[in-house]
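Q: Using the hints, position chains Z, X and S against chain U.
Number of protein chains: 4
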Amino acid sequence: VELRRDFHKYPEVGWTEFRTAAKVTEFLQRLDCAVVLGEAAVRPDEMMGVPAPASLEQHQQRAIAQGADPEIVAQMTGGLTGLWTDMKFGDGPLVALRFDLDANDLQEAQTDGHRPWRDGFASVNDGAMHACGHDGHAAVGLVLAKMLVQERQRFSGTVRLIFQPSEEGVRGAKAMVAAGAVDGVDTILGFHLGFQAGRPGLVIAGTEDFLATTKLNVWYKGQPAHAGAYPEQGKNALLAACTATLNLHAIARHSGGATRITVGKLHSGQGRNVIPADAYFELETRGVTSELDEYMLGEARRIIQAAGQMWDVSCRIEVAGGTKSGKSSPELAAQVADISRGVTGVSEVALTSSFGASEDYSHFMSVVQQQGGQGTYLQVGAALTSGHHTSTFDFDEAALSTAAEILLRTVWALLGINETPGR
Amino acid sequence: VELRRDFHKYPEVGWTEFRTAAKVTEFLQRLDCAVVLGEAAVRPDEMMGVPAPASLEQHQQRAIAQGADPEIVAQMTGGLTGLWTDMKFGDGPLVALRFDLDANDLQEAQTDGHRPWRDGFASVNDGAMHACGHDGHAAVGLVLAKMLVQERQRFSGTVRLIFQPSEEGVRGAKAMVAAGAVDGVDTILGFHLGFQAGRPGLVIAGTEDFLATTKLNVWYKGQPAHAGAYPEQGKNALLAACTATLNLHAIARHSGGATRITVGKLHSGQGRNVIPADAYFELETRGVTSELDEYMLGEARRIIQAAGQMWDVSCRIEVAGGTKSGKSSPELAAQVADISRGVTGVSEVALTSSFGASEDYSHFMSVVQQQGGQGTYLQVGAALTSGHHTSTFDFDEAALSTAAEILLRTVWALLGINETPGR
Amino acid sequence: VELRRDFHKYPEVGWTEFRTAAKVTEFLQRLDCAVVLGEAAVRPDEMMGVPAPASLEQHQQRAIAQGADPEIVAQMTGGLTGLWTDMKFGDGPLVALRFDLDANDLQEAQTDGHRPWRDGFASVNDGAMHACGHDGHAAVGLVLAKMLVQERQRFSGTVRLIFQPSEEGVRGAKAMVAAGAVDGVDTILGFHLGFQAGRPGLVIAGTEDFLATTKLNVWYKGQPAHAGAYPEQGKNALLAACTATLNLHAIARHSGGATRITVGKLHSGQGRNVIPADAYFELETRGVTSELDEYMLGEARRIIQAAGQMWDVSCRIEVAGGTKSGKSSPELAAQVADISRGVTGVSEVALTSSFGASEDYSHFMSVVQQQGGQGTYLQVGAALTSGHHTSTFDFDEAALSTAAEILLRTVWALLGINETPGR
Amino acid sequence: VELRRDFHKYPEVGWTEFRTAAKVTEFLQRLDCAVVLGEAAVRPDEMMGVPAPASLEQHQQRAIAQGADPEIVAQMTGGLTGLWTDMKFGDGPLVALRFDLDANDLQEAQTDGHRPWRDGFASVNDGAMHACGHDGHAAVGLVLAKMLVQERQRFSGTVRLIFQPSEEGVRGAKAMVAAGAVDGVDTILGFHLGFQAGRPGLVIAGTEDFLATTKLNVWYKGQPAHAGAYPEQGKNALLAACTATLNLHAIARHSGGATRITVGKLHSGQGRNVIPADAYFELETRGVTSELDEYMLGEARRIIQAAGQMWDVSCRIEVAGGTKSGKSSPELAAQVADISRGVTGVSEVALTSSFGASEDYSHFMSVVQQQGGQGTYLQVGAALTSGHHTSTFDFDEAALSTAAEILLRTVWALLGINETPGR
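Residue numbers (the numbering used here), protein chains in the order written: chain U, 145 to 567; chain Z, 145 to 567; chain X, 145 to 567; chain S, 145 to 567.
If you're looking for bench data, these hints aren't it; they were derived computationally from the structure.
Treat the hints with care, since some could be wrong.
If several chains are the same, the list does not tell them apart, and a pair holds so long as it fits within one copy or across any two.
[Unchecked claim] Computed cross-link-like contacts, SDA-like style, restricted to lysine to any residue with a CA-CA straight-line distance of at most 25 Å: (1) 365 / 532; (2) 409 / 376; (3) 153 / 527; (4) 290 / 196; (5) 365 / 415; (6) 409 / 399; (7) 409 / 532; (8) 365 / 268; (9) 409 / 461; (10) 409 / 377; (11) 365 / 399; (12) 365 / 422; (13) 409 / 438.
So that you can see chain U by itself, here it is in the shape it has in the complex (with noise of 0.2 Å):
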């Protein structure tokens, strides 16, 4: 609880986690852990929907001033706040945990009827808030790492504690796969406090129909003119945005599955005397399976760009996020939901749940599968004060000892020897 409110207290958005990053280092090394930090743990050319360097800049001293060690802030320049650990007890398979670490954009309610207000860990970093549970989730990562360590002759194999930067506009996990996250990696873990599980006592042990996603930001620029004087020598890059927008929506369905796509921001023009010389729009494309994804993301790229040529304006085209499809192996699932059942606090267990949207996890899950492993998403459920992403979030503390538990006894049944570890 304390470690959630230090990290509620002081969140930080996708790709600027410098000072939770830090404190998850700190921690971990004084649990004599090794941290694969900097670029080591993500690949600079892979990562996605990155802030400008003065922003980033901002933030490493911004980290620094709350609290954070200065030493592994500097190794986390251009955003590097990725870094995983593998805890060696002897032989046997590798089992990975993923937490992710950022915030969202988004001011936090200062009412007496939100507890983080109240009781004063609610956020002083303006914009930005802990409105989806990673705060949680960082902390029950390193209570399991402290577990982990006191129970270490109970084990044979090695545990990976992945903590994933970005995972809002899955931004993150591509760029510590490309740098060897799940290299190896028998047996993958994630959860999530809350979402589908919004009822206390609830345990979903598998997910499925993780969307596959893609991310686009998309620059048109024409030529200005005075819209009453010489329209023609204008080059309109709103007509530009607007056909693109018409025709990304109607992409043909696919007979493979569901798709989705939306344009879900447009800004354009500068004036209405003026014939508009530049738009800027944010699209995303999605797929129940990454295949799915790829088709709609080829066919979105070539109408874009060919509204681009239509008004004889020039166009680019940045990949800001994306993530896999992905599914639970339903072998694993099972067996987590055997073990949620016994569980303190454990009142109900579903096998499984359509997700139907994205999560950065499903990245990380399907290389491990497509490498031979298997993997499984928990959604462990918690009182909720209000919907995820909202101003008055919050969730009952309790949940996090429930979640640890499941998560130390799942790694027991994976890597353990001798008998069932004690609490």
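A: Here is chains Z, X and S on its own, set in the frame of chain U:
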């Protein structure tokens, strides 16, 4: 009148004027005029909107069956139905007159109220009708030739009589100009019965604001697919055509003057349960100057091609017609106005009018003016039974001699020696 | 085989099956079956996509000329070409079987490689062809009727044989259901030769994912105007249609399951120099449930009407076809699978398949299931010469007896008394 | 010069000209002129594009802090910053002169090359700058008032000096005309420094082709939804806005003359994974006559509303500005041209020019002309440092006295008695 009724009975649409052009040729040859025919008169690679070879051949056969000289028709193979003759009367300037030969794609009325039907000279060619008066124009041209021969001693200089095919759709002038039809011409005259001069007795001596225009046919070719089972396998030509159509109409207005664009016809698709694999559409651009039409055309080509790329369909663009903008030379128009005032049957003379539409004549005229020559376009009033291009169109044939006399007197004013030609 | 070849030779498309339906009626009446005909069998105001009265009358005349009983044909005036008969064998449940009668809009191949042409039973009706096997379906229905009469002492209950017109375009079932065709039905069976069962010997006993669908025809009516002279006076129906088309394809995908929309055909305009005053287009919506199809239809109607208002053109929408979604009852399908395994010529039985397309049968079946009854749809394997709906389609007629036997045995399983029916 | 530099230092944008208008009022009152203020001068319900009340109040406070008379400012609450005075000099016609007061939304250059900055009279109000010369116009108006008072014995008639707010965006004239600003006016004069008269010494005495224009703001309001999980629950305001934009630009060109339409700015959506629930865009229509602008406006309103209906989003349209077309009275322009030729500093006089843009003055002038009066608009040449509406705009102040003298002489020509006024 006899010539006009003969042409009226055997109407032939653009590039199929085999009988009409052969009859004109025979008439001129009987006057001992040397006729420039075939590729010497019409450059094949500049012909626009030509029917398929099989169709041309059928029309050649029909022309022969309807009395055309087979040898002359043979020289017109491929639709080379334009011709001219140079009548040389000693030294002096070169004055050209343009007459058009083609009929409209229209079924002529077969009712007693319609004089051509009542009097037995209505069209015998299904789907073709002289509904714009070109039958009268051609007749005036021949009568004028006869009068010029009779009065040959009164002239010094050369008169070139140009008989052009395919005025409808503005398709014929370009290929004749390319073959040299106006090379060396000092002055050019053209005329139309009726049109803006809908009242008998009215003559409009000059015309402004001929719109330059280009006619395009576009084909998109994609790939069909079952719309329910495999929509993603289709390449949708209709979506390309709809996007092109909307964006073509959105081309920016031009500060330099009036422009136009219209997609006037679109056909696409086989049935509702198949992704449409083909689309065909027809459009035209216009501009009050040739430069403005070129601006529209450039924009249109880019949009059409980009819309094809957008939906991954192949694109073919054909120029099906086009002509230049134009404006009568003011001094010449003033001279013609003065001449007209003295002609029998003329009660009212206007110096000029704004045309606001396209006429293939303006192609001839603008080239003559670029060469340093002069030109004007007359509209000779006639009582009309109904609007041009309608199935009950007919005109008071009294206007034919008025037109012939104005043209003769104008030629005399330009090339005449001795006294005024008598009648 | 003889019946099938007779139907094949005289193919009749949707709502014009006068000869086919009359022949079926005569055959049933000769078996002493009372036939429900005319408005009792087909409710006129629920018929969709009906040809013009003049065309229906011509087809009636042709049917009589080709040997249909004039009195029976007279009862079908207006296209009422559906019928059913109730064969009562004492007390017991009501089992219905559906057979379809209509041919396709297609010219049959006239080549020696095509058996119907070689053997003299190819279509004699221009532009119509049995290219989907409905000729075989109707023949199986009649042979089954004969067998049931022969074996009448072995059954207790009622068998209703439904012969439906206009399956193509899914236009006929609704009007028959409205007339009571499945009132009181406990179990319904339908079948198709070939289709997904393209291999001889294969039977698919049940079918899932019949797509609900709606077929719409849309007319926009605006106002023409000269595109060069007075473009502002037009009311542009083509711009309305293009806007509708693009936006229809942009209807949001639905989280509830697969949907489809296709504008498959669009015709607009008279020529390039006239603002297009009319547009006609055909579209279809689909959904894996009837609710999803209704969602698509609701969105589509709103978009179509708004696009008309946008360009100030009048809008008429006609429902030209439509059917409900469906899924075979699993227990019944399992029963049919068991039965099929024992039938001569059957070498492989699949329990179910995903259809992914639309069949008018699902309209009958889903209503029966809503009433608390059961239904399934069989696909009976046959060697095919080419794909359904192609001009060289033909099937191995050996499949006819296989189909008849499976249906007979299934009826016996449902209504049989005493021992298994012999052959 | 002193007045101009004072106004320049304290620029105020449309409807916030509290200090400028108060200073003008004080100046006039010191000359014993009665000033028409508040609702008597500006009709509130005809004001277009007015800032929010809180913003207006802030600007009022700032005006007072920058030296405006609080009592006068109080009378302008709500943005009523227009005023006029009638200077009565005995019987005779009513001659009005219009001066505009507002500054531009622009940050003034703060570089030594920019004289206002160097000499200490650059804008002290962030984001506002006199970059169109209205500071000079207002100064000329006051100096003219002083000269008229000094020379009062030379005139017979009434001079009305109108000081209008919100010329930029053509938002202010309508509300002043509605309050009676040009009631009974026989002759109206307006002027601009520079503009098409970019050369010192040049005076353009009349102006044609003021474009009528209307400025619209549009809001669509739909419903957000998670783009991955429940896309069908959204009501997509961006698709409505894109459809509107494309179709607005596709409004048919008009045979009656030049028209314009531009959607110049569009903002929509919150983020890429939410169906955009809101869209805001700004557009303008123009026409070379008021009728043509009304045609464009009528088409635009219908399209905007239909696009909203198409996507089931609510639609709000606000008229944010607009003015009528206009053309100087030729006789008056000729008179002004003659007068200008005799003025010191004038080296070249043009009778008229084609404006091709919009000026709120044309609203005043066209109403006066409709009442049977006359009007003209002068452009008085000045050396400019850079184009209008740029951050380094400045003009040679020598033009101020030239302008004042032309106006004074013109008033004398219209109302003068006795001899020519001396300087």
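Q: Now tell me if each hint is right for this structure.
A: How the hints compare with the structure:
In the homo-oligomer, the alpha carbons of residue 365 and residue 532 lie at most 25 Å apart only across protomers (24 Å), although the nearest pairing inside one protomer, at 36 Å, exceeds that limit. Taking identical chains as interchangeable, the C-alpha atoms of residue 409 and residue 376 lie at most 25 Å apart only when they sit on different chains, with a minimum of 18 Å there against 27 Å within one chain. Proximity of residue 153 to residue 527 under the C-alpha cut-off of 25 Å is restricted to the intra-copy arrangement: shortest distance 20 Å within a copy versus 60 Å between copies. With identical chains, the CA atoms of residue 290 and residue 196 are never at most 25 Å apart, being 36 Å at best within one copy and 58 Å at best between copies.
Proximity of residue 365 to residue 415 under the C-alpha cut-off of 25 Å is found in both arrangements, the shortest distances being 16 Å within a copy and 21 Å between copies. Only between protomers do residue 409 and residue 399 lie at most 25 Å apart by alpha-carbon distance; the minimum there is 21 Å, versus 28 Å within a single protomer. Only within a single protomer do residue 409 and residue 532 lie at most 25 Å apart by alpha-carbon distance; the minimum there is 21 Å, versus 33 Å between protomers. In the homo-oligomer, the alpha carbons of residue 365 and residue 268 never lie at most 25 Å apart, since the shortest distance is 38 Å inside one protomer and 33 Å across protomers.
Proximity of residue 409 and residue 461 under a CA criterion of 25 Å is satisfied in both settings, with 15 Å inside one chain copy and 21 Å between copies. Taking identical chains as interchangeable, the C-alpha atoms of residue 409 and residue 377 lie at most 25 Å apart only when they sit on different chains, with a minimum of 17 Å there against 27 Å within one chain. Taking identical chains as interchangeable, the C-alpha atoms of residue 365 and residue 399 lie at most 25 Å apart only when they sit on different chains, with a minimum of 23 Å there against 36 Å within one chain. Taking the shortest Cα distances, residue 365 and residue 422 sit within 25 Å of each other both inside one copy (5 Å) and across copies (24 Å).
Taking CA atoms no more than 25 Å apart as the test, residue 409 paired with residue 438 passes inside one copy only; the shortest distance there is 21 Å, against 29 Å between copies.
Going down the numbered hints, you'll see the structure goes against 4 and 8, while the others check out.
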